[in-house]
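Now for the letters of each chain:
Number of protein chains: 2
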Amino acid sequence: MIGALITTGAIDFLVQEYTYLAVFSAVFTVILGVTVDLQEMSVKDSPTNAPYTAIAFLIGSLTSILAGYIGMRIAVYTNTRTTYGCCEDTHIGFQSAFRGGQVLGFVLVGLALLVLELIMICFKATWFDGAFDALNKPTEEQTAELVRRLFELVAGYGLGGSSVALFGRVGGGIYTKAADVGADLVGKTLKDLREDDPSNPGTIADNVGDNVGDIAGMGADLFGSLAESTCAALVVSSTSYELIMQPDALYFPLMITSAGIIASFFSVLLAECSRVTEANVQTVLKLQLLYSTVIMSVFLIPVVSLLPVTFSLPGHDDISQWTAYGCILFGLWSGMIIGFSTEYYTSNAYGPTLYLVKNCEQGPAPNVIQGLALGYLSCIIPIGCLTATIGFSFKTCGMYGIGLSALGMLGSLPVALTIDGYGPIADNAGGIAEMSGLPPRIREQTDALDAAGNTTAAIGKGFAIGSACLVGLALFGAFNTRVNATEVDILSPVPFCGLMVGAMLPYAFSAMTMKAVGDAANEMMEFIKEDFARTSEIKRANKDAGRAEHEGAEPNYQKCISISTQASLKMMIAPGALVLLSPLVAGFVFGPQAVAGLLAGIIVSGIQVAISASNTGGAWDNCKKEIEKQRQDMMKEAR
Amino acid sequence: MIGALITTGAIDFLVQEYTYLAVFSAVFTVILGVTVDLQEMSVKDSPTNAPYTAIAFLIGSLTSILAGYIGMRIAVYTNTRTTYGCCEDTHIGFQSAFRGGQVLGFVLVGLALLVLELIMICFKATWFDGAFDALNKPTEEQTAELVRRLFELVAGYGLGGSSVALFGRVGGGIYTKAADVGADLVGKTLKDLREDDPSNPGTIADNVGDNVGDIAGMGADLFGSLAESTCAALVVSSTSYELIMQPDALYFPLMITSAGIIASFFSVLLAECSRVTEANVQTVLKLQLLYSTVIMSVFLIPVVSLLPVTFSLPGHDDISQWTAYGCILFGLWSGMIIGFSTEYYTSNAYGPTLYLVKNCEQGPAPNVIQGLALGYLSCIIPIGCLTATIGFSFKTCGMYGIGLSALGMLGSLPVALTIDGYGPIADNAGGIAEMSGLPPRIREQTDALDAAGNTTAAIGKGFAIGSACLVGLALFGAFNTRVNATEVDILSPVPFCGLMVGAMLPYAFSAMTMKAVGDAANEMMEFIKEDFARTSEIKRANKDAGRAEHEGAEPNYQKCISISTQASLKMMIAPGALVLLSPLVAGFVFGPQAVAGLLAGIIVSGIQVAISASNTGGAWDNCKKEIEKQRQDMMKEAR
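Same order as they appear, the protein sequences are chains A and B. Using my numbering, the letters of the first sequence correspond one by one to residues 1 to 639. Using my numbering, the letters of the second sequence correspond one by one to residues 1 to 639.
Note that these hints are calculated values from the structure, not bench results. Please note that the accuracy of each hint is not assured.
Computed beta-carbon distance windows for the label pairs [unchecked claim]:
| hint | chain 1 | residue 1 | chain 2 | residue 2 | range |
| --- | --- | --- | --- | --- | --- |
| 1 | B | K137 | A | D317 | 52 to 62 Å |
| 2 | A | V585 | B | K137 | 50 to 60 Å |
| 3 | A | L578 | B | G351 | 17 to 27 Å |
| 4 | B | R631 | A | A574 | 28 to 38 Å |
| 5 | A | A574 | B | Y350 | 14 to 24 Å |
| 6 | B | E628 | A | I573 | 35 to 45 Å |
| 7 | B | G351 | A | F265 | 51 to 61 Å |
| 8 | A | E487 | B | V23 | 43 to 53 Å |
| 9 | B | T310 | A | D317 | 43 to 53 Å |
Computed footprint of chain B on chain A, listed as stretches where at least three residues anywhere in the stretch have a Cβ under 8 Å from a Cβ of chain B [unchecked claim]:
| hint | stretch |
| --- | --- |
| 10 | 360–371 |
| 11 | 520–532 |
Ideal placement from N, C-alpha and C gives every residue a C-beta, glycine not left out.
Modelling step: build the complete structure from the supplied sequences, incorporating the hints.
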């Protein structure tokens, strides 16, 4: 029954959200068709591009929506099975949740790759072959130009994926956090209820939120990153004559992701072979990241031989295939280090979060100060890794190197998504156990699974942020190539002002989303208090009348779901528009140099805000769990 | 008695801090003498520079120390007088505090200008005239080169001022916040004492902190900004041939500050003429900023005529004197808008903070979410103003324009320091009233003065941050001129990596200082709890023995002061070293382009962190005061 409520709530929200997004995608598709596709044609006086970019964009959006939807369906299907599994044994519960995550990870990455491949085959058969024939025995140079333009048309796919991801992430994020904060605060602080107590009307919304935010939103987000980085790498590789002449080499970026899928396959096999208990579940999940990284490093060696022994790119001569391998490795291993550093800062197994726990003894204020300091401090290692990766890749292979390192980092994406999707599934399984009134022993098992999931979800976020930085930079490079900007000099007024404003935008964006979460959570808390008063009244009346206490005293789950849904749909528009419009305004008013400055500012400032906020939040979350655990242990000892 | 305790505590701390700083300055002076001064000579084979930069640096450090010390002495002297004043009338209390602030503002700005003037006169009489004679009838070009080098030697003054300011601000900041958090939290949350209750041993440390952090630290900080921006403007103006040929024009930057002093003089006169009551005190203080800005805009008109009608700078021909006036005005008015925007976001008279108050009804969590969102949101207006100022000044007059706009913003510095210094004085006056057991009526008057001071202190911080951004940019320009970097291209790996790491440094810095505050506050809370237990024990024993209750139950103020002192002196070293060493390391390992990227990253990221943190903090502080006020009002009504 509870599983069904969650499923219905999640589907309701996604249907509404995707209706908005479908309209948005349709409008944007037309805009792209009219501006980008038609403009290209009129400028170049060669075979029409219309409406290929638009089509690619539309397919990208739809695939992203599909990816989110599939992820959500898998998650809500697996929730209940995990709870049942825990009734038998921790290992079986773990397997359900972990396999749910696997389906999410492999389906999503596979889908991204498959659809991209299909688009390329179709575009090749129609646009490319048509253009090729029209030119009547084109020269090699003309062929190269056609390939370059083919990839630019395909790049619409990445844009579509990440546009939908933007709204999916923001809308889903507001939903999940509003419900989480609202339900938790009123439940714990004001009414002293247990988390997921069924008489709290906000619990279902909280569980729905885990699915639409952390599963559908995160899935769409990482889908967008993968699609963007593959497209960016393809566009850049088409600027190299040697690569174009050798199709295997040209499609090398796709092979990186394929190698990642196979490597991830072997690593999850290793997890399947181990016997999971409450004690080792966190280790099993963590090791996944290490396994996939090591296996992929080996698997890439034969794949790299697809590249010419040496090749050149504009501005970079004689790049060895092993240098390209180096770029991929830098990305891959940086991703792993970022993941583990995130874990170090946010898990309650290590110093930083335990120190936070100790600080809570003095009340909330030291916790806030030290929590923010922890998040700020946690920027150092990831920024160091990213800087090293960017420095090496950029220096040796230019923007192609950045694209490769982004793909390298995303190579372990199937595994990252597996352990990331595992978290909300285990979380929900706990919720279902509590709400279904199963014995405390089951809840303890789901809690153990959930605690491990909290940390791995933080790893997933670190991963998403790191790859977003590299992808953003690769797109920044693509933009500059496209507008023929050979330099962006911050000793000139326009780029510097762009940099200033760009560095501010992540703050404006975060302010909007945080305010949205706060406001929606407030609204929910007000309602929960009212609803609680109403049900208490009914229960009292029932008691007086000698009826069964709970008769007619059902908490109003539906209203809480609708508060979160309405708030997130309404409030995702402003931050989304800020992201989409600010580069356009900067470009039309101040020109491409302003946009370049703006983008650079957004990247370098946004990554700090993202890492620090994500880790502060993760540490606070686990700090709360640790204190609850300590309190329970103390109560047990007292008994 | 209490005034004396505060004075002793403050002097003790400053003596210890300044001992460290004197050693640091001496070492750095020698380093500068050996590296900069001697190197210049060996490169250019002309009259020796040694040890002029070193001397200027040493004088700058000492002046900064002196400025901080004078400010602190004035403040502790005025504290008690303000309390006495409030015994008579709010107006008289206000006058004492306000005049204390005035002395701080005018002495500090006057001192900065006077010492700089003296250095220039001395250096001209010795180094310049010597070099001039040695060249034996030098050409005009050689003379211009000598002037340029004279100003570079003088620029050591700015470096000295801001090096000391760095440590003064960090050390003082850790001191005041650790004492504030420690005393407040344990006093309010754990023991339910009133703020400044004399039986809380942390109160004296808290009051000392106001003086060493908000007065001495802030004074040294703004002194550093003023000295730096004047020196930067002088160095840049010496690259213009027309300006060098016309001494009045060359010294124009000094005239801007002088005009500001006179304009500020008239605006404080206007405040002296108005009758201050509890109701209008905030308005009187706020209007100061408007008055000084308007008056200075007018006063600058005759001053601008000192500049040639048109002049040229490298890369900028035919600059009209009115364009230069425009740069100054942009800075001046931006400063005012930033000040008022800060007030809007942090004062409990306006929506944002009142909304925060409303959110506190749901507990601390929504307050944290909305408070952070408020700070993030408050970046938009200041960044908009600064970007407009930088865009206009940079585009029309290059780095000279940036220097002028920085000086324009600092033009109202005497008034800004007056209202900024007023805050801690009024705050301390309230503390003294409480601790001396004066009647509640007096405390209400000091509270009214204090509440107004809280907001104006926030204005002062906004001001300091905005001018620091412009000064930082001017120095960034000076650095690039000096290393002959004509461009910093963020499409190259090295500057981009510098930018990434630079954007991270403010986070690392903030993490260190916040952790220092949290740790020191914790230590203090632990001690206060112990001490409270001790005195309670004695009081109980006294009661049992029929003695006077307080006999021998003096709280251990001294220990709290020493905890704050030790913590801040120990913990200011790491963040200070981070700031000083990171550009050096980047420069030696990766070259000047890395430093340029690093500096740009620090500026654009640091300003966002600074504004958001300062305004979140200010809003939280006033939110607390508002809730206390509402609670008191409710209790009064209940009676």
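Query raised in the report: Does the Cβ distance between E628 (chain B) and I573 (chain A) fall inside 35 to 45 Å?
Result: Because 38 Å falls inside the window, the suggested range holds.
Query raised in the report: Okay, E487 (chain A) versus V23 (chain B) on CB: inside 43 to 53 Å?
Result: The hint (43 to 53 Å, Cβ to Cβ) holds, given that E487 (chain A) and V23 (chain B) are roughly 45 Å apart.
**Report entry** Assessment of proposed distance window 28 to 38 Å (beta carbons of R631 (chain B), A574 (chain A))
**Finding:** At 35 Å between Cβs, range holds.
Query raised in the report: Do the beta carbons of G351 (chain B) and F265 (chain A) sit within 51 to 61 Å of each other?
Result: holds, 55 Å
Query raised in the report: Regarding V585 (chain A) and K137 (chain B), is the given constraint of 50 to 60 Å on their beta-carbon distance met?
Result: Holds: the Cβ-Cβ distance is about 59 Å, inside 50 to 60 Å.
Report task. Hint says 52 to 62 Å; check whether the CB-CB distance for K137 (chain B) and D317 (chain A) agrees. Result -> At 55 Å between Cβs, range holds.
Requested in this report: Just tell me: holds or violated, for the beta carbon distance of A574 (chain A) and Y350 (chain B) against 14 to 24 Å?
Outcome: holds, 21 Å
Report task. Quick one: see if chain B covers the stretch 360–371 of chain A, three-plus residues with Cβ-Cβ under 8 Å. Result -> With 8 residues closer than 8 Å to chain B, the stretch 360–371 of chain A meets the three-residue bar; holds.
Requested in this report: Using the beta carbons of L578 (chain A) and G351 (chain B), state whether their distance is inside 17 to 27 Å or not.
Outcome: holds, 21 Å
Query raised in the report: When you take the CB atoms of T310 (chain B) and D317 (chain A), is the distance between them in 43 to 53 Å?
Result: holds, 49 Å
Query raised in the report: Do three or more residues of the stretch 520–532 of chain A come closer than 8 Å to chain B, measuring C-beta to C-beta?
Result: Satisfied; 3 residues make the cut.
Checked against the numbered hints listed earlier, the structure breaks none of them; every hint is satisfied.
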